[in-house]
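Novice: Residue numbers for the sequence shown follow the numbering used here, beginning at 4 and rising by one.
Quick caveat, the hints were computed from the structure, so don't treat them as lab data.
One should not assume that every hint holds.
Quick list of simulated restraints, FRET-style, between CB atoms [claimed, not checked]:
id, residue 1, residue 2, range
1, Ala166, Glu62, 37 to 47 Å
2, Gly259, Val41, 46 to 56 Å
3, Gly51, Gln189, 50 to 60 Å
4, Leu55, Val210, 21 to 31 Å
5, Leu55, Glu343, 20 to 30 Å
6, Glu10, Gln189, 31 to 41 Å
7, Glu124, Asp274, 18 to 28 Å
8, Asp106, Gly25, 14 to 24 Å
In this text, a Cβ means the ideal position worked out from N, Cα and C, and glycines have one as well.
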Amino acid sequence: MDERVREHAEVLVDWSARVEPGDDVVLSIGPDAHELAVAVAEKLGERGANLLATYDSGEVSRAYLRAHDGDFDEDPAHERALLEETDVYLSIGGGRNTSATADVSGETRQAHRSARTEIREARYDTRWVSTVHPTRSLAQQANMAYEEYRAFAYDAILRDWDALANEMAQLKTLLDEGSEVRLVSQGTDLTVRIDGRTAVNSAASVVYDSHNLPSGEVFTAPHGTDGEVTFDVPMTLRGEPVRDVRLEFDDGEVVGYDAEQGEAVIGEILDTDEGARRLGELGIGMNRGIDRYTDNILFDEKMGETVHLAVGRAYDACLPDGESGNDSAVHVDMITDVGEESRLEIDGEIVQRNGTFRWEEGFE
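Could you build the full structure based on these sequences and the hints that come with them?
Specialist: Quick look at the structure:
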């Protein structure tokens, strides 16, 4: 086994999920993630955790969703009960086809997701972490050779997370103390309110309220959004390529949208429910181990010199105790490049210009 696979498993179990002896762990495994799953299982055994392994296949999901009549039971009790008794939920992606469910209708996907609200909440109540094993399908999606992609993925995953957490803490402090963020770049002039919110230093560990590996972003839950934003980093949403999306906001809500490609998918997402037309997240990428677009949101939204916004659900970690943020059955991230001719302001003070933060060498 490649030693990097064992290191990945160690980071996932020890740093990210903080697994303890006796923890009840569900390990969800993608079809081509076998090698990492073996390494993780070994670590869990050494730790004295209780392991239940499950299989997560896009092709299995496709078969089920296409055959179903679309009238899904609300939050099936057997799955909800499993998650309610789970301490740690680890998801290892790694499928054979990144577009396996592309021909499932939007109506069916929405109905299935909307019928699983309590199940999602039960999973969010665990110490959950999502990661991926670098596979040939992901390399192909990223337009890289397999070995090239593996080197890229491990550069992003096997970081000095303590050091990155300390750097990102500077931005978290500025956001926590700020009231308003303005983002200006080509095709974008957007203002959001952040007063009363708490930013998350997403350093790939549940102790930071961070649930992705790799991570490397600072995010918060904005409100009162006004202006327009152009998302110029290509992506695939629900199996469809999406390019150059533009959203227009007024008083917190999307009032207009268009896209060079994939406009119908954007409309489908925005029509999911009332909350889908409001922002749930403002995130600022700070993982410079991710230096190129891969068409995988787990990596791309953490990329240095990018900002991402998500329509839909806001994360509770960003909200005061007892306060509900934007609620939706979706949380869909879209990314804009801020490497050139851009600035990010907090209460009128520029904290990032042309992709460089004010505490970094080269800031002007």
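Novice: Each hint: holds or not?
Specialist: Taking the hints in turn, this is what the structure says about them:
1. Checked against the hint of 37 to 47 Å, the C-beta distance between Ala166 and Glu62 comes to roughly 40 Å, which is consistent with it.
2. As the Cβ distance of Gly259 to Val41 is approximately 49 Å, the hint placing it in 46 to 56 Å holds.
3. In this structure the hint that Gly51 and Gln189 lie 50 to 60 Å apart at CB holds, the actual value being about 53 Å.
4. Roughly 24 Å separates the CB atoms of Leu55 and Val210, a value that falls within the hinted 21 to 31 Å.
5. Between Leu55 and Glu343 the C-beta distance comes to about 48 Å, which lies outside the given range of 20 to 30 Å.
6. As the Cβ distance of Glu10 to Gln189 is approximately 39 Å, the hint placing it in 31 to 41 Å holds.
7. Between Glu124 and Asp274 the CB atoms are about 23 Å apart, so this pair conforms to the stated range of 18 to 28 Å.
8. Separation of Asp106 from Gly25 is about 43 Å and departs from the stated range, judged on CB atoms against 14 to 24 Å.
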